[in-house]
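Colleague: Listed below, chain by chain, are the residues.
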Amino acid sequence: MSRSKKVLVVLAVMLIIGAAASVGQAAEPSAKEQEAKLIAVLKSDAPQKEKSDACRELARVATKDAVPVLAALLADEKLSHMARYGLETIPDPAVDEALRDALGKLKGRPLVGVIGSLGVRRDAKAIDALAKLLQDSNPDVVQTTARSLGRIGTSAAAKALGDVLANVSVPNQLAVCEGLLRCAETLAAKGGKDEALAIYDRLRGLQGPHQVRTGGLRGAVLLREKDGLPILMQALRGDDFVLFEAAARTSLEMPGADVTQALAAELGKLPAGKQVLVIQTLGNRGDAGALAALSAAAKSGEKTIRVAAIHAVSQIASAAAAPVFVDLLGDADREVAQAAKDGLAALPGREVDTALAAMLSQPDASVRIRAIEMLGQRRNTSALPAFLKAAEDAEEGVRLAGIKALSDVAGGDEMPAMLALLMKAKSPQDLEAIEGAVAAICIRLARPAAGKVTIQKAIYGGLPDGPSADVTQKVAEMVKAGTLSVEASNGNFGDPADGIPKKLRVEYTVDGTAQARTVSEGETVTLTATVTPPACVDALCEALALAPTPPKIALLRVLRSVGGSKALNAVRAAAKDPSAEIKDTALRALCEWPTVEALPDLAELSRTSTDAKVKTLALRGYIRLIPLQDAAAEKKVAAIKDAMALAERNDEKKLALAALGAIPTADALALVVPHLASPDLKEEASMAAVAIAEKIAQSSPAQVAEAMQQVSKATANKRVADRAKALLKQTQGKK
Amino acid sequence: MVEPRSLTNPALATRLTRREFFRTAAVAGAALMAPAVIPASALGRGGAVPPSERIVMGGIGLRGRGMGDLQWLLPEGDVQFVAICDAQKSAREKVKQVVDARYGNTDCTVYPEIREFLATRTDIDAVLSATGDRWHATAAVMAMRAGKDIYSEKPSAMTIAEGQAVVETARRFGRVYQTGTQRLSEGNFVFAIEIARMGRLGKVHTAYAHIAPWDAAEMRYDWLPAQPEPPRDVVDWDAWLGPCPWRPFNQSYISGGWRGFYDFHTSCIGEWGAHTFAQCMAGIDQLDTAAVEYHYVNNPTGDGMVTVFPNGVKMILSRGDKYWRGSCGMRFDGPEGWVSVADGYSKPEVSSPALMSDFKKIVGDYMARTERPMSHMRDLLNCVRTRRPTVANPVVMHKSMSTVHAANICMWLKRDMKYDPVKEEFINDPEANRLRSRAMREPWII
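Those sequence lines, one after another, are chains A and B.
If you count by our numbering, then the first sequence holds residues 152 to 886, one letter each, in order.
If you count by our numbering, then the second sequence holds residues 17 to 462, one letter each, in order.
It is possible that some hints are incorrect.
[To be verified] Partial chain B-side listing against chain A, Cβ under 10 Å, derived: (1) Thr-185; (2) Val-192; (3) Trp-262; (4) Gly-342; (5) Met-383; (6) Arg-403.
Rather than coming from a laboratory, the hints here were simulated on the basis of the structure.
Note that CB positions come from ideal geometry on N, CA and C, so glycine has one too.
So here's chain A without its partners, still in its complex pose (with noise of 0.2 Å):
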């Protein structure tokens, strides 16, 4: 065939190839065509990218017709790798043959491939041909026949490394250790157990490689099994850290009690620096065989071996342990009284809770105190009666210990013995506590309300006045997707404000109730209405009108963490109470009122109540709730609009025009714009204006480019009047 006819072939093979040169592809010919024609490309005078594409494909596809195209190629530098990665997986003897072969016809690193090769495929025919290469002068050479040699592990192979171990150079040493170290898990998989353990014998023994002592040893005694036993013990006691070392971690692959009993037995005779590691070593096993010898290691002696062993007590996780953990609660050294109470918290089982109940009868207050902790940690619901008790105890620090673990563990069960509680509180200290316990399982009770969830608007960015990003739709259509938590994040959001501390806040509503959430930058806000149960409110409502005046207010403030139209009712109602205490507290938990529902009342107030205070946090409260309501914008605006009417006061102003930033109409625009001549709000008249006029500049371009001319002479802020000027000159022009 003439050149340029060759190079036609090897041009459409190319094509047929490249078209297929990922593995897989669609529509391709038979394995015995792709076979034939990447053979023809290593035939061809190809450029090596295809020769070593054809080769790479061949490891897929060749059989032995392959093989001479192949090795062939074994003596070119260039190719010898990549014919190798063809021929290694090609399920035929003839690879072998071609292999051994190449052996004395190769030098350097052609040579060093062709050795690794073959033991890839384990060709024990190769073995003779191998052993005369570990007398070779290049130590690539030596070193990867010698692994090879194991690789191939039979008897054979093994003789000929332990032949040349005596008298190895340093630099092969470890590659014929290896090589032996192979060979016997190799023998010893395949019956051979004597010779795999004579290997093993030897090279723990080797003054070598502490690598190949520790891999001589974990042989010779896992291999023996149970009778590998008393090797390890000699090595765990002898002077060499190596040989203990691999003691330590080989037991960690015998099973067995009496192997753990071994090691126990033996811990109190070894030295303190040997005692941690043999110590952890039980507790990585986990065998409760263990027990007694931690137990006596944790109880008295060098505070560094007590606390191994009482983290190792805590990895075997029996509850047998828990008596040892009770007594070192109290112990003098607090790192080691600290780690027995963690250990006692994570410990699972009854045992456990029945040793700490036992505690709570003890005379010694700070006992009880101790027991009712990590009862409480431990979630022990069945301790609730001991935590009811406690919480009267006749000693001020049980009763906290014990309304702190009602705090956590009680639920609506316990709500009326905890109103119970509240009514007869000994001391305002307790009183505090128990309303802060309430509250709690108030707040541990609500469940996440069913219902449509509906985002009205979503703001990310340097809250409250700092740039932002109106991501109303991203967070609408994650929702939409099914997620009801969403991370205020960059990743999510992008970044609107480089460099600032950023926040969401999301305004939406649950089946029409309106929420409104806002959370810092790495925090997720979940976009549910939470509700407490009717029962518990039931309960709160009915005490409330019980309860003489310190638990009223306490109860008036649970109620309004808990909300809802009971409960509000019920606030409502006490902001008519003769008692000046009472009211106040009512009309303030009115003020701090979390939902819409309180609106009528807030706007009432701030326009008639007499209490300055109550009308200056009523007005903050309906500014705060009127953005809000499930409404229309022309609506808010007038609310705003008569809130603002009713400010005396720059603050309350302030908030008003930051709640119209947030109302992308033009009326809400009107209404920020008169401000912008006040000295004292206009940077706030500015910021809102930006913020409507950024969402309105397309419907309404005359106003906001009026209005951003007043803004631009008004700030001083920088970023704000880069943004207005952003705006004119999007504007300027348009009508």
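Chain A is fixed; fit chain B onto it per the hints.
Modeller: Relative to the frame of chain A, chain B by itself:
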């Protein structure tokens, strides 16, 4: 220089306790109360030199991710980092600069050649390896063979055969090995895994594993245009290629442009699956096996591929952010709820807030029961001392990476597959079985 400390130095008798975890909920951890480490410098002398409390470490191939790992490692009080090996001069010099600045000296030694590095630095106990993917298994095997323990970045291996070699070498020489799947040591991920394992979601029927949203399952086989090879001292191109097939030098490869190439990368599936498969397998208690069924999906990425584990639980590969927001996400679904987490979450996402109520207790109990710190690097260092396997030990990583490799092979051969995780072979599919290994370029044959 850090002076060796006494065996019972109370400063070492600390760890990240449950209380500390409760207080900080942080991931940092102090040194485990642990025995001293036998200094590698003594190991060749009959083991008769007493233990030290300092772990001497060196690095292999530390650039982007590796520099991050280094910054994670250097503050550990019981570590002294002494040497860096890299085929690229600029990279090794940069590491030296960082290390010397940290210690206030000029002691960090640079090595261009890995065999010289491992053979001559007998004082080094453990190495941090963060080469490109192509070198991970080879470097790990060479380091462990040289008697070093190792923290090796993921993916642990380019092929199933390489993974087997890592497992065998660690066992053979009694070495400690940790793969850089650090989320196995992060509270949010541990919590999600724990509640899945504990049955809080009911019997989990499906796990979702995030695969990288860039690149594809289909690989590149082209060569970038040849450029003049830099002097060997600047870039040792032959060493850079390591066990991979030769190709001409191009600057793009050594600047991170190796991703997506068959010879150098494990596809978009391996890029994040190296993390997320292990995470999912931990939550469904299948860390000691591999998926047995792989259902081909007709798209370029593997998005939506269903794999099935021996216990019947499905693991579905997911490329987008349908189940999470952030990188390396995972999710477990059971009849009683779901939990989902990815990087950057302040807390995992759950189907019901009640599932989150015991977050700190669940993570704290895990730490007490397993003695695992919420710091992946610390876990390695603790295990260097205790000699026990790490949380991301060779078997864990080989089994999860076998699942990655099998998923890739399923995509490459475009057909459903069944895999026998005991025999580590595809069932009735000789063609697939031939893709379990690749001949390594000499002299980098392990």
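Colleague: Take the hints in turn and mark each one as holding or not.
Modeller: Verification of the hints:
1. Thr-185: Hint holds; Thr-185 of chain B Cβ to chain A Cβ min 9 Å, cut 10 Å.
2. Val-192: Nearest chain A Cβ about 9 Å off; hint holds.
3. Trp-262: holds, 7 Å
4. Gly-342: holds, 6 Å
5. Met-383: Given a least distance of 8 Å, the restraint on Met-383 of chain B holds.
6. Arg-403: Check passed: Cβ of Arg-403 of chain B comes within 4 Å of chain A, closer than 10 Å.
The structure meets every hint from the earlier list without exception.
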